[in-house]
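Number of protein chains: 2
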Amino acid sequence: MSSVPEIVIIGGGFGGLDAARALAGAPVRVTILDRHNYHLFQPLLYQVATASLSPGDIASPIRWVLRRQSNITVLLADARAIDTVANQVQLDPGHGREAIAYDYLILAAGATHAYFGHPEWGNHAPGLKTLDDALEIRRQVLLAFEAAERETDPDAQRRLLTFVIVGGGPTGVELAGALAEIARQSLKQDFRAIRPESARILLIEGGPRLLSTFPEALSAAAHASLTRLGVEVRTSSIVTTVDADGVGIGDQRITAQTVLWAAGVAASPLAKSLGVDLDRAGRVAAEPTLAVAGHPRIFVAGDMCALAQDGALLPGVAQVAKQEGAHAARNVLRAINGQPLAPFRYRDYGNMATIGRGSAVAEIGSLKASGWFAWLIWLFIHIFWLIGFRNRASVLGEWAWSYVTLQRRVRLITGERLWPGSRRL
Amino acid sequence: MSSVPEIVIIGGGFGGLDAARALAGAPVRVTILDRHNYHLFQPLLYQVATASLSPGDIASPIRWVLRRQSNITVLLADARAIDTVANQVQLDPGHGREAIAYDYLILAAGATHAYFGHPEWGNHAPGLKTLDDALEIRRQVLLAFEAAERETDPDAQRRLLTFVIVGGGPTGVELAGALAEIARQSLKQDFRAIRPESARILLIEGGPRLLSTFPEALSAAAHASLTRLGVEVRTSSIVTTVDADGVGIGDQRITAQTVLWAAGVAASPLAKSLGVDLDRAGRVAAEPTLAVAGHPRIFVAGDMCALAQDGALLPGVAQVAKQEGAHAARNVLRAINGQPLAPFRYRDYGNMATIGRGSAVAEIGSLKASGWFAWLIWLFIHIFWLIGFRNRASVLGEWAWSYVTLQRRVRLITGERLWPGSRRL
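One line per chain: the protein sequences are P and F, in this order.
Numbering-wise (our numbering), the first sequence opens with residue 7 and increments by one.
Numbering-wise (our numbering), the second sequence opens with residue 7 and increments by one.
Hints are computed from structural coordinates only; laboratory data are not their basis.
A couple of the hints might just be wrong.
Said to hold, decoys possible - Residues from chain P shown here face chain F by an in silico Cβ test under 10 Å; the list is partial:
| no. | residue |
| --- | --- |
| 1 | D63 |
| 2 | D89 |
| 3 | W378 |
| 4 | N397 |
As the list claims (entries may be wrong) - Computed far set for chain F versus chain P, every beta-carbon distance over 12 Å:
| no. | residue |
| --- | --- |
| 5 | A92 |
| 6 | Q94 |
| 7 | A117 |
| 8 | G123 |
| 9 | H124 |
| 10 | F197 |
| 11 | S218 |
| 12 | T247 |
| 13 | A287 |
| 14 | A314 |
| 15 | D316 |
| 16 | L347 |
| 17 | G356 |
| 18 | R363 |
| 19 | L382 |
Every residue, glycine too, gets a C-beta built ideally from N, C-alpha and C.
All chains, full assembly: derive it from the sequences and hints.
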């Protein structure tokens, strides 16, 4: 080992960033890699997809967030493989440094959406993991209303105004609620040939209830709130096909222009290069210390990490990733100092999801709330938690304006092509 | 003519939007077409390209801006040709309505950048006309600094940190000033391997001075301000090649990763379908009434319109487009009512360009100002003039924050690929 230990962190999400912060001031050299130049506040990504917030409101350059931490170098790079023999990370070639050696590695590259073994569904049903995903969803949703306004065939209009969301977890619930508000409130006055409020919004969940990780009473509250907003909620419904024309649920077909994917996720394919056993979702089984079995120099955090606590796998949420990232970094420092590693213990501060304006569900310790009060809790926690004071002020301003006017300020269709497959603008 | 006259407006820019507004409440049916769903406040587009403002700060959905005007239909459509015999506009096929009949047509489709007969230069030197252009420039500029940080070869680093802007009009001056501030101020603390303030920024102008439409004293002031910011200004320098490796000026080569185009423009190719004479920049020669010679039902406004006043062609700026759009609409109403058409007369309210924080040049009537005072004028006029109260508040907030912190909040690299030509993220 060189005199100053080199720690490489892969991923600038919640796990990687909190790992980096936990190494502030330590006598180590840290390099953090990400293939995006920004840290993304994922819990609000659905608000970019539904035209309420701008990308700049929920994303900050990683190197800006860490600018004062002088022992850290931030590199824009796509980590391609981990060479556990040479102890180095291989990067996308042709752009300067092509490998980075590590004494310790913290793997926090996150997850991407997965289509239950049907990757071809991805062409018709975008998921929501990155800013570009969110802009693509915003584009497809707004374009569907525009196309319907110009369409003359009523069947085609109905198809354009049908939106299917697959997956009834927090992301699916939040997308469905926001889409319903867009159709019934924000766009109400703006069209002449169509009535946007006639749009049909379906939320399809394979399990018996929405928000399966929440208490049953909150699942029921979310279901009722969405129904009041005009969302058709279908539980115990397994999507069997997704194509350009809509979705199939068993032998029933729903014809829809827009299908959004909020169901399965899979860990970053980078995990495969470790050569260790992965679970069905591609996650690395971690030891209680967050080290990878057989690789004492490698730790794993966040959505790439499979770790059970009290008999259940920890969920892929921001709080777990943050706590794991910080813990992995502290264990790296312990290893460097020859101290015994500490086991990780997740402290659950709560769980919440918004449904719409003034409507949310929240579970914090023994407190269970729904409706207005839950929404206020949701709002303050998210504002407080946003990275950067400047973003906080901006997001609060947007929300206050939207709350009063029912409008969404970022209703922009961007992207190089107008319609799918059409020529470049 | 049908009982209620049908007026079609092509283009939702400054010309088209003010034409639409001038028809509010008139006993006509209006359809406004644009291939984007938003009106863009172009004078601030360079601030999106240089990471100060978000797209949502300077763009608003056209149908939202016009939502209360009940005689107007807004359609997202790419007008392909004008059939002056059948009196209809042909649209991009396959998306509902494929043609729209008009009794009167107002052509305000604007201009795009043009490369002096070298369209292949466009692959290496993006111009700045649309939101997508601005996001592409932002992406290339930020990516150059990221790539330099990762690069190990000093020559390659120098190439990555060289930025060439071609064209010394307002857009070129504003881009150069903002780039200099990014390199010398905003990014200062954020890198470890490179010194962003060592970036080389060149502004190349073919004519003898910058801002050729401004008084000479203001051109000199802008030149001096840019030099103080560290921009190398080269006047009387004609770019003869643009390729992946930089630009040639005669037999001198400047090796640069990033070349931005702020030079020539050409009117929308839609003008060609009229079958009338066009000038060298593809513009339609208008009669003093803004009607097209030989086509009394067609009027033209904005960057598509070539009209001389007092011996000089009116410039392609927002104020000209707005006044022409409104005038064309009023002349359409006169034609419908059987009244004589009025000739157009441009009222010049002034001319201004920013160079950086607290630095601008402005000419308003006989007042000529540069420096701080000009910048304050610039700021208040632009804030006052922005569409929508909400955007005003947001932009003012961003500017205040940037002014104090020297930071830029929207330093995000978005787009589906990481590096040019690399695989999809």
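Verification of the hints:
Hint on D63/P holds. Least Cβ distance to chain F is approximately 8 Å, under the 10 Å limit. With a least beta-carbon distance of about 19 Å to chain F, the hint placing D89/P at the interface is violated under the 10 Å criterion. Interface restraint check for W378/P: the shortest CB-CB distance to chain F comes to about 25 Å, outside 10 Å, so the restraint is violated. At about 8 Å, the closest approach between the beta carbon of N397/P and any beta carbon in chain F falls short of 10 Å, and the interface hint on this residue holds.
Against the 12 Å criterion, A92/F stays outside the reach of chain P, whose nearest CB is about 19 Å from its own CB. Taking the minimum C-beta to C-beta distance to chain P, about 15 Å, the non-interface status of Q94/F holds against the 12 Å cut. No Cβ of chain P approaches the Cβ of A117/F within 12 Å, the least distance being about 14 Å, so the stated non-interface status holds. Residue placement check: G123/F keeps its beta carbon more than 12 Å from all beta carbons of chain P (closest about 20 Å).
Against the 12 Å criterion, H124/F stays outside the reach of chain P, whose nearest CB is about 18 Å from its own CB. Distance check for F197/F against chain P: the nearest CB is about 7 Å away, which does not clear 12 Å, and the non-interface claim fails. A cut-off of 12 Å between C-beta atoms confirms that S218/F is not in contact with chain P; the least separation is 30 Å. Every C-beta of chain P lies more than 12 Å from that of T247/F, the closest at about 24 Å, which supports listing it as non-interface.
Annotated as non-interface, A287/F keeps its C-beta farther than 12 Å from every C-beta of chain P; the closest such distance is 20 Å. For A314/F, the requirement that its beta carbon stay farther than 12 Å from each beta carbon of chain P is met, with the minimum near 31 Å. For D316/F, the shortest C-beta to C-beta distance to chain P comes to about 36 Å, beyond the 12 Å cut-off, and the non-interface label holds. Annotated as non-interface, L347/F keeps its C-beta farther than 12 Å from every C-beta of chain P; the closest such distance is 29 Å.
No Cβ of chain P approaches the Cβ of G356/F within 12 Å, the least distance being about 29 Å, so the stated non-interface status holds. Separation of R363/F from chain P is adequate, the least Cβ-Cβ distance of about 17 Å exceeding the 12 Å criterion. Listed as a non-interface residue, L382/F keeps its Cβ farther than 12 Å from every Cβ of chain P; the least gap is roughly 23 Å.
In summary, the structure is inconsistent with hints 2, 3 and 10 from the numbered list given earlier, while agreeing with the others.
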